[in-house]
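Asker: Top line first, the protein sequences correspond to chains F and A. Quick note: the working numbering has the first sequence finishing at residue 113, numbered continuously throughout. Quick note: the working numbering has the second sequence finishing at residue 114, numbered continuously throughout.
Derived by calculation from the structure, the hints in this document are not laboratory data. Each hint should be verified, as a subset may be incorrect.
[Stated by the list, open to error] For lysine to any residue, the following SDA-like pairs were computed, each having C-alpha atoms within a straight-line distance of at most 25 Å:
(1) A:Lys-11 x A:Pro-81
(2) F:Lys-45 x F:Ala-17
(3) F:Lys-42 x A:Ala-53
(4) F:Lys-2 x A:Thr-13
(5) F:Lys-45 x A:Pro-81
(6) F:Lys-2 x A:Ile-26
(7) F:Lys-42 x A:Thr-20
(8) F:Lys-45 x A:Gly-16
(9) F:Lys-45 x A:Ile-26
(10) F:Lys-42 x A:Asp-63
(11) F:Lys-2 x F:Asn-65
(12) F:Lys-45 x A:Pro-8
(13) A:Lys-62 x A:Gly-101
[As the list claims (entries may be wrong)] Far from chain F, some chain A residues (derived; all Cβ distances over 12 Å):
(14) Arg-3
(15) Pro-61
(16) Asp-71
(17) Leu-74
(18) Asp-86
(19) Val-89
[What the hints assert, rightly or not] Derived CB-CB ranges, DEER-like:
(20) F:Gly-16 x A:Pro-84: 43 to 51 Å
(21) F:Arg-76 x A:Leu-27: 20 to 28 Å
(22) A:Gly-28 x F:Gln-31: 19 to 27 Å
(23) A:Pro-54 x F:Ala-17: 32 to 40 Å
Using N, Cα and C, we set each Cβ at its ideal position, and we do this for glycine too.
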Amino acid sequence: RKEVEQDPGPFNVPEGATVAFNCTYSNSASQSFFWYRQDCRKEPKLLMSVYSSGNEDGRFTAQLNRASQYISLLIRDSKLSDSATYLCVVRGMFSGGYNKLIFGAGTRLAVHP
Amino acid sequence: DARVTQTPRDKVTEMGQEVTMRCQPILGHNTVFWYRQTMMQGLELLAYFRNRAPLDDSGMPKDRFSAEMPDATLATLKIQPSEPRDSAVYFCASAQSAPTGEAFFGQGTRLTVV
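Please take these sequences and the hints and turn them into a complete structure.
Answerer: The structure is reproduced here in structure tokens:
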């Protein structure tokens with residue numbers, strides 16, 4: 001089982017749609033959680049951190065469920081510029097006892113007019 | 001504007017040649033990660049340093065890959081000899097040591113081995 005698993009995608013949605021991405025992680029000792037965004041041929045960039053109480057940044061809402069080891073990202077009112085790959089990221093003490101940053105495979109979002 | 005700097009941005013080399021990729025982490029960040037990204041595998045963690053010490057390089061093929069941090073401002077990833085299957089984008093990322101901090105990525109080195 002992969003340490004971080006995401007929806008396979010791709011998601012093709014019209015402008016204005018609401019889209020949700022899900023992610024699960026295997027290590028219950030994971031300490032911090034993020035969503036990164038990666039545009040084609042670019043480096044991953046932090047979109048938002050994910051907190052236990054849930055957090056919102058404009059059209060983006062992130063949720064964390066530690067009991068279920070589940071993270072989600074909701075994008076409301078999708079824009080063409082939201083088209084990218086969204087990476088679920090977990091930081092914590094993985095195999096070997098080292099603090100690592102582990103990425104999911106990513107979910108591609110394509111927003112069309 | 002603090003950023004992670006990677007060189008070269010693009011590298012085309014012949015099979016069997018040595019390749020060295022360099023990374024300058026953000027000043028004050030003492031944690032450095034090397035990742036490899038391909039279409040098939042996504043982002044794979046190759047090596048991880050804290051305070052210049054290699055803590056985990058289990059994701060790295062040991063026979064041909066090596067990673068070092070000669071000083072706090074430079075991390076290197078070397079492949080010798082290179083093979084076509086090494087073709088990928090190699091990213092360096094740096095972070096503060098706190099276990100909750102995010103990582104900041106360089107722009108990557110796109111390696112093509114022919």
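Asker: Each hint: holds or not?
Answerer: Now the hints, each set against the structure:
1. A:Lys-11 x A:Pro-81: holds (15 Å)
2. F:Lys-45 x F:Ala-17: holds (23 Å)
3. F:Lys-42 x A:Ala-53: Given pair Lys-42 of chain F, Ala-53 of chain A is violated - Cα atoms ~28 Å apart, limit 25 Å.
4. F:Lys-2 x A:Thr-13: With Cα atoms ~32 Å apart, Lys-2 of chain F and Thr-13 of chain A exceed 25 Å; violated.
5. F:Lys-45 x A:Pro-81: violated (31 Å)
6. F:Lys-2 x A:Ile-26: violated (30 Å)
7. F:Lys-42 x A:Thr-20: Satisfied, since the Cα-Cα distance of roughly 21 Å is no more than 25 Å.
8. F:Lys-45 x A:Gly-16: Not satisfied, since the Cα-Cα distance of roughly 33 Å exceeds 25 Å.
9. F:Lys-45 x A:Ile-26: Answer holds: Lys-45 of chain F to Ile-26 of chain A is near 15 Å, not above 25 Å.
10. F:Lys-42 x A:Asp-63: violated (29 Å)
11. F:Lys-2 x F:Asn-65: Holds, at about 18 Å.
12. F:Lys-45 x A:Pro-8: holds (20 Å)
13. A:Lys-62 x A:Gly-101: It is violated: about 29 Å lies between the C-alpha atoms, which goes past 25 Å.
14. Arg-3: The assertion about Arg-3 of chain A is violated, with a minimum of 10 Å to chain F.
15. Pro-61: With a cut-off of 12 Å, Pro-61 of chain A remains clear of chain F, as the shortest Cβ separation is near 17 Å.
16. Asp-71: At about 22 Å from chain F, Asp-71 of chain A clears the 12 Å cut-off, so the statement holds.
17. Leu-74: holds (19 Å)
18. Asp-86: holds (19 Å)
19. Val-89: violated (8 Å)
20. F:Gly-16 x A:Pro-84: 43 to 51 Å: 44 Å Cβ-Cβ, so the 43 to 51 Å window holds.
21. F:Arg-76 x A:Leu-27: 20 to 28 Å: violated (37 Å)
22. A:Gly-28 x F:Gln-31: 19 to 27 Å: Hint holds: Cβ distance 21 Å, inside 19 to 27 Å.
23. A:Pro-54 x F:Ala-17: 32 to 40 Å: The hinted range 32 to 40 Å is violated for Pro-54 of chain A and Ala-17 of chain F, with Cβ atoms some 45 Å apart.
Of the numbered hints stated above, those contradicted by the structure are hints 3, 4, 5, 6, 8, 10, 13, 14, 19, 21, 23, listed in ascending order.
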